[in-house]
Amino acid sequence: MYKILLKQDLTPDIYLFKVAAPAVAKKAQPGQFVVIRINERGERIPLTIAGWDEDEGSVTIVFMEVGTTTRKLALLETGDFITNLIGPLGLPTHIEKFGTVICVAGGVGVAPIAPIARAMRREGNKVISILGARSKDLLFWEDELRSVSDQLIVTTDDGSYGRKGLVTEPLKELLESGERVDRVIAIGPSIMMKFCARTTEPFGVKTVVSLNPIMVDGTGMCGCCRVSVGGVTKFTCVDGPDFDGHQVDWDLLFARQRIYLDEEKHSFEQWQSQVAGAVEK
Amino acid sequence: MPKLNLNRELMPRQDPKLRSRNFNEVALGYSAEQAKAEASRCIQCPKCPCVDGCPVEIDIPGFIKAILDDNMPEAVRILKDKNSLPGICGRVCPQETQCEATCVLAKKGAPSAIGRLERYVADWERANMGTSASSVVLPPPTGKRVAVVGSGPAGLVAAADLAKLGHSVTIFEALHVAGGVLMYGIPEFRLPKDIVQAEVDYVASLGVKIELDSVVGKLETVDELLNNGYQAVFLGTGAGLPMFLNIPGENLNGIYSANEFLTRVNLMKAYRFPEYDTPVKVGKKVAVIGGGNVAMDSARCALRLGADEVYIVYRRSEAEMPARREEVENAQEEGIQFKLLTNPKQFLGDEQNWVVGMECYEMELGEPDEGGRRRPIVKEGSEFIIDVDVVIVALGTTPNPLIASTTEGLKTTKWGTVVADESTGKTVKDKVWAGGDIVTGAATVISAMGAAKRAAASIDEYLNAL
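Quick mapping for you: the protein sequence lines, in order, are chains A and B. Sequential numbering from 1 applies to the first sequence in our numbering. Sequential numbering from 1001 applies to the second sequence in our numbering.
Chain B extracted, bound-state conformation:
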């Protein structure tokens, strides 16, 4: 047996000093040599636990072997068999808690770099084959019509899978571009928009119709879609409603929700103002409240827009941060300052209603809460002030109530999420399925994609029985 190679091939990245002032992609991708070197580390074990760790069950050893065999078209075919959006997943999936966590080499501390290889294959395809589905053989049309609400990760995957099964699919998207959070939320330097667009184009090339500017519930309701020729509806509208702290001063000028800040920067391209018309306030001292990926994205955008100092203000310690380790490290390398065990009490404004400061408490950690993370407790009398001129609140999001409030017979939880069966995505309402953040609350791109795949299979079963 050959000796195990425990040296993961490193991902080349832009230098932190340089990248902290531009919006170009941070991770540069493997060269062909690096990809082959990394692919050769996979031991092709027969049990392939990595596949169990993948929410969409990609044949991981299969595509890795194809890279090693210099058969890139085959690697593409294997990957796309289960995953219609590999360029996206290869960049933003938390592989470290999924496929790479279950890889047998993980026990030795050096799992196969599956995410980086996935990205390599997707990028190779885009450069060498284009992303049209010309190679996909579609079955004869079934004549069944499905409406998909929302074009984020869940909607795109549900639509692609159903189209590949011969159904006629229309996606309704409220914004002026398709892609949902992949377009408005995740920044260019982590997920370039032309890659998202290429994967959206691939889904469209399967015959999926995408209706932009279409707010379901304001235009046609879900019930009207069902009455007007659609046999099934999939809800993939995500969790788009920003949460605020509900503390004094939160409506001062200069205080953004992360959704607003990122939408201005990513979707509306405010980083190219005034060439693009949408402005954004940058500020010299920017505080981002929260410890998730969205907080890291917001902080790193603020830095790139030219802020002098950017703080992550988080009420627990670094160990409890929900953000991916890699993103925390990227942020630290770029010079983001972490103010941990710190929680805002109120925002302070000037006479023009502009935020100038943030009064904070020091926190300490108590016993673990229901979620298993240690609960943050206020240290009485510990108040202190941080000078700021822009604040970005990145506390999380909940589903937009528009669909639930305009659809008779959907069941929702107290958090506004839609109740759906975990294994099929079926809601309690006839002919309606749901998946992704609208069901789980804000989670990951890949878990939304997994839910959409299961729902598509269930919808297909239902349509075939009609």
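Here chain A stands alone, though its shape is the one from the complex:
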């Protein structure tokens, strides 16, 4: 059992948990993830690590309510327990002194990208970050990301805060400005990562994306998370989650992310009616 030491509401549907997991905190590196199982009947879902504190023995995860499990997770409070937390899994993000690195974060992607930006900067890179969200009330961790970046550009789709537009627009301008960019890291919704990769491709700048397919065990055992990169099948859990965004077969990823849409809907409706029933009682 893993105790939730702290819960924060970051936006109306994005939450932060600091969870007691000393062994994981000791080994975690930027870009890795954990698998959690909320209770005895829960499914195993992967969540990227957003931070860790070895002294405190804690790991920070940030998640958005998207399905039944994340909605159940959002009901937990400080002091509650998560039944299982396994990690750190996956390969860490490749950190070295590249020169100038652009970190592009979409929505909840700011959480995993912050430790990467911090590590990149510590290594001596100039870090330019772009943080995008649909609107102002869905933005979080602006200050955290600013504190580990040399420059931060914020965009919102509706223009309610920062610059109006998508993250790919300032990304393209930076690449066109003549400034030498040595690497781009993009983390966020798959569609955003795809378009970041498409934006950088004509400029020949290596673009690393962190893929988020469906997983079960997260240790290479099942192959549920297989993706095609450069025409070769890879297991995201052990070969990734970071891959070269220019080589990823995005359509395959999107299709495989939709495998259980019907079941997710069914499971959610079932759970909702249970919750409603419990409230009536």
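Hints listed in this document are in silico derivations from the structure and should not be mistaken for laboratory results. For clarity, every value in this text was computed on a predicted model and none was experimentally measured. Don't be surprised by glycine CBs; every beta carbon is placed ideally from N, CA and C. Don't take every hint at face value.
Stated by the list, open to error - Rough simulated footprint, nothing fancy, chain A against chain B, three-plus residues with beta-carbon under 8 Å:
| no. | segment |
| --- | --- |
| 1 | 1173-1179 |
| 2 | 1233-1244 |
| 3 | 1249-1255 |
| 4 | 1265-1276 |
| 5 | 1418-1424 |
We have chain A already, so just place chain B on it with the hints.
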């Protein structure tokens, strides 16, 4: 001399029609009368070749005699002296190629039903004595610590044997429950999970600590374990990496590795979705590729989940199938259709990336290969299409490279297996032993247990000399 009784006591089983729609155990176990009747068939021959056929050298005539003498606690004691997991072995060991193959009555075509009797004793113990080790007298602690990586059959047996010798043992398990393939792989209807749990609990009651959620190599590495107070490490991480066919269309939606399909169903209990959160796609027409026990397990799970038609697609003929005869017969009785001498060429998908068909070749058998089985050869121009909406690829597994890639100085083969001495389990790396599928590639539960026993003896010898 009494006349030989050549009528093996039959195992009562659930009716095929009924069982093909439920996950309850297929084989129901002997009654006390049946067990005694079967036990009386053993002629108690002095040479007991059956013991030579057992990888863990159980005193088989001894426990059978105890059943006959109505001394069940003694039967339990004899069995558990050599085998810490009898409820599991009595169900999933291929006795027909081991102890029962070497039984003198096998020559008459009716060997003692040793597996069924083993199961009877284990089930009697669970019902009447519980499975705690309270009856086991442990020696004084040696103060030596051993780390066991993996809690499948090899890890559990190595841990139990070392604990019984007074060593302090910790098992590290990557998944959220202990048992490895016994939990995630073998289905409930062949090996009920409460029986696995009871035998895991027995191992824990010997004083073995079990750390779940612990991925060695990601948390501490083997070298760190050795530097942090463990005098020896036993690697029993099995063969958990699924093989695929590497043919076009294999990443279509609806195509599973057997590992994924069985993990969803057995470990995550997808057969009880949405009561349990993990879903699985069932499909109306399910094709399982392969001819081993895992293929049979997958096919029979798919049927129980409600598939209309389930096919076993195998590239050789029934005679070459590696699955246990009993499991093939069970599958056939339940209505699984066998498409033999058939091999997929590619998978066909719809515009949503869902698998809808499988283009296959007809095969014929040529000369025997290195393994002695006749080699399957493609019949050119024989392609035909099978309509499917779920495919399960059960071609086998190889060891997960995580341990080998994070451990300095281990030697591996080109198949990814760890090199270890057959009689001791000693690897080329100091203080590290290995046994089970991580050494042999995918094999049987009992051969992993035998390897673990030999390794435990070798580790004990090493620790005592320290």
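To see whether the hints hold, each was checked on the structure:
no.	hint	result
1	1173-1179	holds (count 3)
2	1233-1244	holds (count 4)
3	1249-1255	holds (count 4)
4	1265-1276	holds (count 6)
5	1418-1424	violated (count 0)
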